[in-house]
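*Asks:* Once you've looked at the hints, dock chain B against the given chain A.
2 protein chains.
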Amino acid sequence: MNILDELSKYKRIVDLELEKVMPKEDFPQKHIFEAMCYSIFAGGKRLRPVLTLKTSELISGSYEDAMQIALGIEMIHTYSLIHDDLPAMDNDDFRRGKPTNHKVFGEDIAILAGDGLLNLAYETMLNTIPLNSRDYVKYILAIKEVGKAAGVFGMIGGQTVDIKTNEKSFNEERLMFIHNNKTSALIEASIVSGAMVAGANEEQIEHLREYGRSIGLCYQIRDDILDKVGDKSLLGKNTGSDEINHKLTYLSLFGMDNAIIKIQSLYNEAIESLSIFDKERVRFFKELASYLVHRES
Amino acid sequence: MNILDELSKYKRIVDLELEKVMPKEDFPQKHIFEAMCYSIFAGGKRLRPVLTLKTSELISGSYEDAMQIALGIEMIHTYSLIHDDLPAMDNDDFRRGKPTNHKVFGEDIAILAGDGLLNLAYETMLNTIPLNSRDYVKYILAIKEVGKAAGVFGMIGGQTVDIKTNEKSFNEERLMFIHNNKTSALIEASIVSGAMVAGANEEQIEHLREYGRSIGLCYQIRDDILDKVGDKSLLGKNTGSDEINHKLTYLSLFGMDNAIIKIQSLYNEAIESLSIFDKERVRFFKELASYLVHRES
Chain A
1 MNILDELSKY KRIVDLELEK VMPKEDFPQK HIFEAMCYSI FAGGKRLRPV LTLKTSELIS
61 GSYEDAMQIA LGIEMIHTYS LIHDDLPAMD NDDFRRGKPT NHKVFGEDIA ILAGDGLLNL
121 AYETMLNTIP LNSRDYVKYI LAIKEVGKAA GVFGMIGGQT VDIKTNEKSF NEERLMFIHN
181 NKTSALIEAS IVSGAMVAGA NEEQIEHLRE YGRSIGLCYQ IRDDILDKVG DKSLLGKNTG
241 SDEINHKLTY LSLFGMDNAI IKIQSLYNEA IESLSIFDKE RVRFFKELAS YLVHRES
Chain B
1 MNILDELSKY KRIVDLELEK VMPKEDFPQK HIFEAMCYSI FAGGKRLRPV LTLKTSELIS
61 GSYEDAMQIA LGIEMIHTYS LIHDDLPAMD NDDFRRGKPT NHKVFGEDIA ILAGDGLLNL
121 AYETMLNTIP LNSRDYVKYI LAIKEVGKAA GVFGMIGGQT VDIKTNEKSF NEERLMFIHN
181 NKTSALIEAS IVSGAMVAGA NEEQIEHLRE YGRSIGLCYQ IRDDILDKVG DKSLLGKNTG
241 SDEINHKLTY LSLFGMDNAI IKIQSLYNEA IESLSIFDKE RVRFFKELAS YLVHRES
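First to last, the sequence lines map onto chains A and B. Letter 141 of the first sequence, counting from 1, is numbered 141 in the working numbering, and no numbers are missing. Letter 288 of the second sequence, counting from 1, is numbered 288 in the working numbering, and no numbers are missing.
Pulled out of the complex, with its shape left as it was, chain A reads as follows (with noise of 0.2 Å):
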């Protein structure tokens, strides 16, 4: 297996689905449809999506029921970056390569289009749950995890702190909150979600979530690497901003070497919670958790 070529795969089913589910009618209020198709169709890996359906694919040997619950992450995912990227919040001017939403659509535009995501994706998730079968329970469990890692108690609980968060007060414990809240809960449960929609027993589903920890973890710890000495053209946005803008990282409080370690026993981590499951089957995985900790991009 080539895991370029395998999301490469993954990413395409993804994005011939969000052609299906996103607005682009003619309609009065088509500027915010364009607005929330600029940054859903701007390049992104579709990590998290793919991560969903290739879960449920371990657990039941098909993709098909977990796919809305995929796209509503990655609108969910989207809708943080629009509103992350905002002056008001980091204040940055590109992502992947390209004018960030509020640069293109103007300030009020990019507020709504984040909050017209989230709501597609809730919408999108909703869709899903069949109206006549005992099965409805494991569409809602699901999408009550996504819910908790989007919202205050997750995602949004860690963005909170990282922005309130100085020199000053700040420790590992913070620094820990912010990464697993902000980054991995979403990561975690695009798996545990999957892993759900495809009927997996809650053995199953505590290792995919500790490897939904470990390997979202090890991603945002990459991520402050890659700020630091990754290369600008590859990541299509300035390197050096962490550092600029005095934020506090896994790098700025136990330096490179620290950090490579700290993400290699991440790596470890990831491989051991997935020892129950048939070596075959979780191959893909495995070759996902050592791309992400070599990854350039």
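It should be emphasised that the hints constitute simulated quantities derived from the structure, not laboratory data. Mixed in with the good hints there might be a few duds.
Any copy, or any two copies together, can satisfy a pair, since identical chains are not distinguished.
As the list claims (entries may be wrong) - Below, in silico cross-link-like pairs of lysine-lysine (DSS-like), each with a Cα-Cα straight-line distance of 25 Å or less:
| id | residue 1 | residue 2 |
| --- | --- | --- |
| 1 | K148 | K138 |
| 2 | K24 | K103 |
| 3 | K20 | K228 |
| 4 | K144 | K20 |
| 5 | K30 | K168 |
| 6 | K164 | K30 |
| 7 | K30 | K247 |
| 8 | K148 | K30 |
| 9 | K11 | K279 |
| 10 | K144 | K30 |
| 11 | K144 | K168 |
| 12 | K24 | K144 |
| 13 | K228 | K164 |
| 14 | K24 | K98 |
| 15 | K164 | K98 |
| 16 | K262 | K286 |
| 17 | K148 | K45 |
*Replies:* For chain B alone, coordinates are given in the frame of chain A:
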């Protein structure tokens, strides 16, 4: 029945239930909890959730099943006010006689508080779906009704067109689109979702939808009238802002006399749509329509 007493009584019920679901723990992200609670408990009339409870009561005799959906609707309404007040949107400093959310907590936290309330609305509504009863379908349909009204085919769509409409592109069709989507859609969904959860039949739902549409538009036009001739101290905000901002309203398009005629005709339609119900049981709804026509705040 004294309509103000009845509204106060149900407002208190909603307030008490909101106290139970709003997060306020001393967690690292407590800043976001404070900001969300600030706006949720800023003294709103609770018109929408009261309508949900009252409609549920009309159909089934009880409002219990509709409670979490009512709370979710109030959270959605509140988030939309926080985001509408932002400097990039209407740039309002006061709301209900108090400084707006971003004036107290900063723009970054205000954006997140809005996001947090929208997400919490869905978490709250999802929590009310029973996991062991065929009854779940009516809850899902009710939440979808709210979701559509809140999203880009409802409130967010209306707000987008409002922002993108200038004196040149303004006409009656656009005005109706803005009013029907920005204001009426969520009021209509408040009523319809309460009816759905209570087990209303299609005829009842359609008549209540008609009622909601009429009073929703009535509410908006009365708002525009109050902005011109209302009492600042009763309203808790500055008047005349529509004129200062060259805002295009029913009033600016058709003048005061026609606005008053329109409100009266909407009132008649609202009363007519209640004709299929037992007279005694819809007294609240009739008196509410009358109150909305004449309200001073």
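*Asks:* All the hints need checking, so say for each whether the structure fits it.
*Replies:* Right, here's what the structure says about each hint:
| no. | hint | verdict |
| --- | --- | --- |
| 1 | K148 to K138 | both (15 Å within a copy, 23 Å between copies) |
| 2 | K24 to K103 | within (21 Å within a copy, 35 Å between copies) |
| 3 | K20 to K228 | neither (38 Å within a copy, 45 Å between copies) |
| 4 | K144 to K20 | both (24 Å within a copy, 19 Å between copies) |
| 5 | K30 to K168 | between (46 Å within a copy, 18 Å between copies) |
| 6 | K164 to K30 | between (36 Å within a copy, 10 Å between copies) |
| 7 | K30 to K247 | between (37 Å within a copy, 21 Å between copies) |
| 8 | K148 to K30 | between (30 Å within a copy, 16 Å between copies) |
| 9 | K11 to K279 | within (24 Å within a copy, 58 Å between copies) |
| 10 | K144 to K30 | between (30 Å within a copy, 22 Å between copies) |
| 11 | K144 to K168 | neither (35 Å within a copy, 45 Å between copies) |
| 12 | K24 to K144 | between (28 Å within a copy, 20 Å between copies) |
| 13 | K228 to K164 | within (23 Å within a copy, 41 Å between copies) |
| 14 | K24 to K98 | within (21 Å within a copy, 39 Å between copies) |
| 15 | K164 to K98 | between (28 Å within a copy, 24 Å between copies) |
| 16 | K262 to K286 | within (17 Å within a copy, 66 Å between copies) |
| 17 | K148 to K45 | within (23 Å within a copy, 28 Å between copies) |
Checked against the numbered hints above, the structure breaks hints 3, 11 and satisfies the rest.
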